[in-house]
Amino acid sequence: KAGVTQTPRYLIKTRGQQVTLSCSPISGHRSVSWYQQTPGQGLQFLFEYFSETQRNKGNFPGRFSGRQFSNSRSEMNVSTLELGDSALYLCASKDRTYEQYFGPGTRLTVT
Amino acid sequence: AQRVTQPEKLLSVFKGAPVELKCNYSYSGSPELFWYVQYSRQRLQLLLRHISRESIKGFTADLNKGETSFHLKKPFAQEEDSAMYYCALKSGAQKLVFGQGTRLTINP
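Protein sequences appear in the order of chains D and P. Take any residue in the first sequence, note its place counting from 1, add 8, and you have its number in the working numbering. Take any residue in the second sequence, note its place counting from 1, add 349, and you have its number in the working numbering.
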């Protein structure tokens with residue numbers, strides 16, 4: 009099976025802009041979770057989607073949003089970017105055993 | 350609140366020496382714990398979970414509810430074990446709470 013894919017892999021944006029990141033889960037996985045990874049805060053949970061519904065949400069401001077499509081692909085959007093949003097954004101898809109399979113991440117740099 | 354603490358940001362040991370990466374957690378319910386590993390230039394991947402009680406790549410981890418710990422151990426370190434290790438707690442049904450990670454370096 010192909011692994012979790014994320015696009016784009018690298019992104020540079022300026023403050024105030026918005027960005028959309030994409031994640032394609034492993035075929036057959038219906039759950040997709042998003043995490044933010046920074047040197048200071050480590051790995052922090054953003055949200056999780058299952059069958060197009062958000063099931064859980066972390067402690068991030070409303071500028072961070074997401075959605076999931078009927079084919080389980082998910083997108084994450086960040087509006088009004090701030091310098092502190094610079095991070096590696098990881099997507100993970102989950103099978104029934106709860107093992108999460110992580111993608112390579114999208115490295116977002118906000119200047 | 351759920352929390353995972355990995356007290357060591359960096360750990361360096363010699364090849365062949367025993368390794369122990371510490372992990373402590375706080376969780377009011379019945380915990381489900383995991384160790385994830387990230388090798389250089391590779392994606393984050395599951396190393397082991399406590400419910401499996403398995404040994405992966407020579408690593409084991411025992412859940413100690415009395416001490417609220419889930420330390421990762423290996424009796425004889427190998428150079429290929431050098432990586433970033435994260436302890437994680439399953440919080441509620443769907444999310445993982447991660448520790449800050451420990452960078453393990455095995456010296457030849």
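Where hints are given, some of them may not hold.
[What the hints assert, rightly or not] The calculated label-pair distances, taken between Cβ atoms and stated as ranges, are:
{"#": "1", "chain 1": "D", "residue 1": "78", "chain 2": "P", "residue 2": "457", "range": "29 to 39 Å"}
{"#": "2", "chain 1": "D", "residue 1": "61", "chain 2": "P", "residue 2": "391", "range": "45 to 55 Å"}
{"#": "3", "chain 1": "D", "residue 1": "15", "chain 2": "P", "residue 2": "425", "range": "23 to 33 Å"}
{"#": "4", "chain 1": "D", "residue 1": "85", "chain 2": "P", "residue 2": "351", "range": "18 to 28 Å"}
{"#": "5", "chain 1": "P", "residue 1": "406", "chain 2": "D", "residue 2": "36", "range": "25 to 35 Å"}
[To be verified] Each computed DSSO-like pair below joins lysine-lysine, with the alpha-carbon atoms no more than 30 Å apart:
{"#": "6", "chain 1": "D", "residue 1": "102", "chain 2": "P", "residue 2": "358"}
{"#": "7", "chain 1": "D", "residue 1": "102", "chain 2": "D", "residue 2": "65"}
{"#": "8", "chain 1": "D", "residue 1": "102", "chain 2": "P", "residue 2": "414"}
[Claimed, not checked] Sample of chain D residues lacking proximity to chain P, with all beta carbon distances greater than 12 Å (derived):
{"#": "9", "residue": "16"}
{"#": "10", "residue": "53"}
{"#": "11", "residue": "91"}
To be clear, the hints were calculated from the coordinates, so they are not data collected in a lab. Heads up, the beta-carbon is just placed ideally off N, CA and C, and yes, glycines get one too.
Hints and how they fare:
no.: 1; hint: D:78 to P:457: 29 to 39 Å; verdict: 52 Å, violated
no.: 2; hint: D:61 to P:391: 45 to 55 Å; verdict: 31 Å, violated
no.: 3; hint: D:15 to P:425: 23 to 33 Å; verdict: 41 Å, violated
no.: 4; hint: D:85 to P:351: 18 to 28 Å; verdict: 27 Å, holds
no.: 5; hint: P:406 to D:36: 25 to 35 Å; verdict: 27 Å, holds
no.: 6; hint: D:102 to P:358; verdict: 28 Å, holds
no.: 7; hint: D:102 to D:65; verdict: 16 Å, holds
no.: 8; hint: D:102 to P:414; verdict: 26 Å, holds
no.: 9; hint: 16; verdict: 16 Å, holds
no.: 10; hint: 53; verdict: 4 Å, violated
no.: 11; hint: 91; verdict: 21 Å, holds
In summary, the numbered hints that this structure violates are 1, 2, 3 and 10.
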